[in-house]
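Visitor: From just these sequences and the hints, can you work out the full model?
Here this note's numbering is used: the sequence shown runs in plain steps of one and ends on residue 334.
Fair warning: there could be bad hints in the mix.
To be verified - In silico SDA-like cross-links for lysine to any residue, where the CA-CA straight-line distance does not exceed 25 Å:
1. 204 / 215
2. 204 / 247
3. 204 / 88
4. 204 / 214
What the hints assert, rightly or not - Simulated DEER-style distance windows between Cβ atoms:
5. 195 / 30: 35 to 43 Å
6. 72 / 143: 49 to 57 Å
7. 217 / 126: 17 to 25 Å
8. 163 / 322: 43 to 51 Å
9. 165 / 217: 17 to 25 Å
10. 22 / 264: 35 to 43 Å
11. 325 / 163: 43 to 51 Å
Everything labelled a hint here was simulated from the structure, so no lab data went into it. Where a beta carbon is used, it is the ideal one built from N, C-alpha and C, also for glycine.
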Amino acid sequence: MSRRAPLLQPTPSGLYCPAGDFHIDPLRPVPRALITHGHADHARAGHGAVLATRQTLDIMALRYGADFAGTTQAANGPVRLGDVTVRFHPAGHVLGSAQIAVEGGGQRIVVSGDYARSPNPACAPFEPVACDIFVTEATFGLPVFRHPDPASEIARLAASMVAFPERPHLIGAYALGKAQRVIALLRAAGHDAPILVHGALTKLCAYHAEQGVELGDLRPATVERDHAPEGQVVIAPPSAFAATWVQRFRDPVIAHASGWMAVRARARQRGVELPLVISDHADWGELTRTIRDTGAGEVWVTHGREEALVRWCALAGIPARPLRLVGYEDEPE
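Guide: Structure, rendered in structure tokens:
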């Protein structure tokens, strides 16, 4: 079935569906957009109409303001758009993240958006969806990327806290998804002391708590100037580490939670003493397993290490092509 004219086509604005007259995660304002999740490289303001999960719509409103689009609609079950039907399925990336299945004329294409297969206490788990064409991300699309168990990385953090009880541990984590995941993982590991959060994380952490994500006692890390707040764990967006705010903490252990911390040169360049390899993207093994799980007869690869995954598909006898869409980040830092 995937040999028919595909329901989606790449355009300068992103993937477009002529039969439904909509774009998926468009790179610029369009009349109708379907959004996979709330990260800024996928969810942009200014569209005429937006269809997304309720949580993604809420997150976009928190980040851009209530009038971020002309109209909004929460995806709830199948939605008919023109000559196609679309459905949203959990992607396991961040709260509200979804794969988008587009079906019509006997063909089903699934657009993964960003996704992860490892358990994440901050969002619903990934759900494989059978399809004819699978559009997959490839952020960590090289065989060298094999993410460790996040619990083992949190154990390393806990060991450092025991070894250096007098030093605050400042952890760089992206504001949406990574910060809340690190906090939830710490709670699951038994850390019940207050955790300090940078002001840039406050609204999103509060929303996660409202949605049932257990974050425990969170307190502000951005207090009056010249007063360092007390606490051994501090979570902040990576951009905050370039500000004078960090100087309020005496002899901190600088940590960073990212899949890219597997590349030690990146950790050294950023002055990271404790790199934590915690990723909200699929690694190489998860990417290839997911392709097989979908049973797709054709694969399109986007944003990331496209060529390596296309080559793997060829060796596996699966037709594949790189989309070479620009404008999506590998992983927000």
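Visitor: Please work out if residue 204 and residue 215 have their alpha carbons no farther apart than 25 Å.
Guide: Status holds; Cα separation ~15 Å.
Visitor: Honestly, do residue 72 and residue 143 meet the 49 to 57 Å range at C-beta?
Guide: Since the Cβ atoms of residue 72 and residue 143 sit about 41 Å apart, the hinted range of 49 to 57 Å is violated.
Visitor: So if I understand the rule, the pair passes when the alpha-carbon distance is 25 Å or less; does residue 204 with residue 214 pass?
Guide: Distance of about 14 Å is within 25 Å: holds.
Visitor: Holds or violated: the 17 to 25 Å window for the beta-carbon distance between residue 217 and residue 126?
Guide: holds, 22 Å
Visitor: CA of residue 204 to CA of residue 247, is that 25 Å or under?
Guide: The given pair, whose Cα atoms are some 21 Å apart, holds under the 25 Å limit.
Visitor: Take a look at whether the Cβ-Cβ distance between residue 165 and residue 217 falls inside 17 to 25 Å.
Guide: The hint (17 to 25 Å, Cβ to Cβ) holds, given that residue 165 and residue 217 are roughly 22 Å apart.
Visitor: In this structure, is the beta-carbon distance linking residue 22 and residue 264 contained in 35 to 43 Å?
Guide: With Cβ atoms ~41 Å apart, the hint holds.
Visitor: Is the straight-line distance between the alpha-carbon of residue 204 and that of residue 88 25 Å or less?
Guide: violated, 28 Å
Visitor: Does the Cβ distance between residue 195 and residue 30 fall inside 35 to 43 Å?
Guide: The hint (35 to 43 Å, Cβ to Cβ) holds, given that residue 195 and residue 30 are roughly 41 Å apart.
Visitor: Is 43 to 51 Å a correct range for the gap between the Cβ atoms of residue 163 and residue 322?
Guide: holds, 50 Å
Visitor: Starting from the hint 43 to 51 Å, judge whether the C-beta atoms of residue 325 and residue 163 obey it.
Guide: For residue 163 against residue 325, whose Cβ atoms are near 47 Å apart, the range 43 to 51 Å holds.
The earlier numbered hints that this structure contradicts are 3 and 6.
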